[in-house]
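Student: Make a model of the complete structure from these sequences and hints.
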Amino acid sequence: MSILKHREALLALAILLLVGVVAARFPAFVRPGNLANVFNDTSPLILLAIGQMIVILTKCIDLSMAATLALCGMVAALLNGAGVPLPLILVLVVVLGGLLGAVNGLLVWKLGIPSIVVTLGTMTIYRGTIFLITDGAWVNAHQMTDDFKALPRAVIAGLPVMSWVALAAIALFTVLLTRTPLGRSFYAVGGNPHAAVYTGISVGRTQFLAFVIAGALAGLTGYLWVARYAVAYVDIASGFELSVVAACVIGGVAIAGGAGSVIGTVMGALFLGVINNALPVVGISPFWQLAISGSAIVLAVAFNSAQNRPAGRIILKSVEPR
Amino acid sequence: MKPVLSLRGISKSFPGVKALQGVQLDLYPGQVTALIGENGAGKSTIVKVLTGIYQPEEGSIEIDGTPIRFASAQDASRAGVTAIHQETVLFDELSVAENIWLGHAPRTRFGLIDRRAMRTGATRLLASIGATLNPDLRLGDLGIASKHLVAIARALSTEARVVILDEPTAALSHKEIHELYDLVETLKRQGKAILFISHKFDEVFRIAERYTVFRDGQFVGEGAMSAVTEGELVQMMVGRSVDQIFPPRSHNIGPPVLTVAGYCHPTEFADIGFTLHRGEILGFYGLVGAGRSEVMQALCGITTPSKGAVRIDGEVRVIRSTHEAIAAGIVYVPEDRGRQGAIRGLPIFQNVTLPSLARTSRNGFLRLAEEFRLARDYTRRLDLRASSLDQELGLLSGGNQQKVVIAKWLATKPRVIILDEPTKGIDIGSKAAVHEFMAELAAEGLAVIMVSSEIPEVLGMSDRVIVMREGRIIDEVAGDRMTPETLVRAAAGIAEAA
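Chains A and B are the protein sequences, given in the same order.
As numbered in this note's numbering, residues 57 to 378 make up the first sequence, in order.
As numbered in this note's numbering, residues 581 to 1078 make up the second sequence, in order.
No wet-lab data here; the hints were simulated from the structure.
For every residue, glycine included, the Cβ atom is placed at its ideal position computed from N, Cα and C.
Where hints are given, some of them may not hold.
[What the hints assert, rightly or not] Now the stretches of chain B that chain A is said to cover, found in silico as 3 or more residues with beta-carbon under 8 Å: (1) 723–732; (2) 926–939; (3) 944–953.
Tutor: Dropping the structure here:
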């Protein structure tokens, strides 16, 4: 617990340092309005990273999140074109995302296929489905209604709706993970599946629920993404699943499951968000952006394993006396 | 005859435990020496010393009279000592020949692996132990007996002079055991010195020339097999345990709580029936693999029995999941604490409350204050040593982790608690605390089942002892019959002394 807090403080420090370096050369970057923009830009990453984090907590991984986002985004755009009212669209994309997640979850739970294989497959299937329902055609801005496009950008109390959705998700899932039996069981299943079984927790069912949550979040983000950029096509958010996993890893989520926090994940996402937004501003080449986010991932993992090592050794000694 | 390998005054300790105290062991060429001792006598530790995995703090190892130090497993292997373990350490995905030669494969002139030499060498080695396996077969496709042959061929490929067989027959069928005996004869004829570790007296008498007995990490005696009787060996094994004191028991036995009748499982056990009373500690003794843990796992819903009835307070309860077992008031503290009990990454209090979350939460939300209270109540009763209940469980010592796991189950307020090897691998101090606590639980009216392979513990703590062998209840021992000899004989299937 204290290690977690410690590492989150370090991550916050790293983000501040990064922001400070940028501000030294480009003071306008730290104006509140701009920082709010950075947060808004990072909101889709935050939403997906929270879902991914819950899946990783249970010792699984969801590579199909970006494809789920794209499929749900496209369905939202098509429903809009068919005249379905916006509130209903919102409900439908969340339900569809949840269902796509449920497919992943069921394959992992009932057939016992490793999640990386399942979601590698569904990733392609979900992308392919977009092609099937559109024949590869784009849905462009002029084909979308104004209220459909306006919602993510609508400003409430100084922040766009997109940012509010991210903040709401942060609050909701912090409570879910730290204050509900379901949240506790995510940690228990990832921390030690065998022990979880002995305490009456169904490992498969818990993993299934994690996938449903991740899918629903990806579905909602699909609408936000398509509406904000006012375009939907087969390849939106292509490769985004890897940024999502990176945000989790940088945020201290243990890739072996059982450890991680919403706040750490959010900071991992923000770290990537700051790099993506700030470095072009100060004129650092895209190569360095990639190198910096790549190094951050390696450092985060090295940091994790360095922290875990001493504890592991003590355990081995005490369990093996004879 | 001079010994090939000779150990003198070997000591090895772990935090809180002296695993070996000045033990000696001699192995002679062309002879089988049986190492005999209870669980925890130090047999596995001496094997690890012999194979270079542990380095002893004191004592000397001599090969052909020359002192030698094994700094690593490679050193031991180079010196000609090789072990064939209880679970053979081989690779299913590799071929038979690759398994035999892994790590010391013959090379061609260019430094590449010489596959042809590997194959012919494998065939030759297998033939030398009378086996005709195709060296190209994938190991995973072979049965356990054939895997043993491969393991032995591998041992021979390193030009081993000393072969350690650690409970080699534990997983074998009757026919396969006889093939293994023949194999041991072959190894003997080849002049290997063999250390044979087994719990089974019949096979020890059948194949060993010499014996060495350990007890509680100490050397007790050695000699020729022909000059000793079963009774004398049993006596040496169990001896007098001087340093273990068990807490006083109230023996206030109440009405029956749990009744099990005609309990069967397709493969693990058959026809299990017993009654457990309020305030009673019922010991389950038997050799490893006798089916004790399997019975307990069925009782707590991990596995499903094929037949039989479980009654709690006279009422039939169907238990198909751990959930239903907890609801029925049966909880199981598993043997393998690391794998099945503790969640090391979670704080102590969350480990304790995990099965009780329904009670500590309200309207679907956890109440952390309530959880802390529950965890504090139960960990305090167990005298847990931790700086804070917020501490990660993984940072505690083994004994303290065990206390947390027990606290977790007690917090569910069970009627019946099953403790599987409750003190395995924990230090003496924590052991005493766990024993004291078990006595308290029984005195408070809980019905306790203790599965244990440590005879002093079984005898010191139980009101009655059920002995299991090969999935069946062989004997129920109480009163004057509760002696080490009775238990060892029943568990090993030796007739009672006249």
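Student: Each hint should be assessed against the structure and marked as holding or not.
Tutor: For each hint, the structure was consulted:
1. With 0 residues carrying a beta carbon less than 8 Å from a beta carbon of chain A, the region 723–732 of chain B misses the three-residue requirement, and the given coverage is violated.
2. Counting residues of the region 926–939 of chain B whose CB lies closer than 8 Å to any CB of chain A gives 7, so the stated coverage by that chain holds, three being the minimum.
3. With 4 residues having a Cβ less than 8 Å from any Cβ of chain A, the region 944–953 of chain B passes the three-residue criterion, so the hint holds.
Hint 1 from the list above is the single one not met by this structure.
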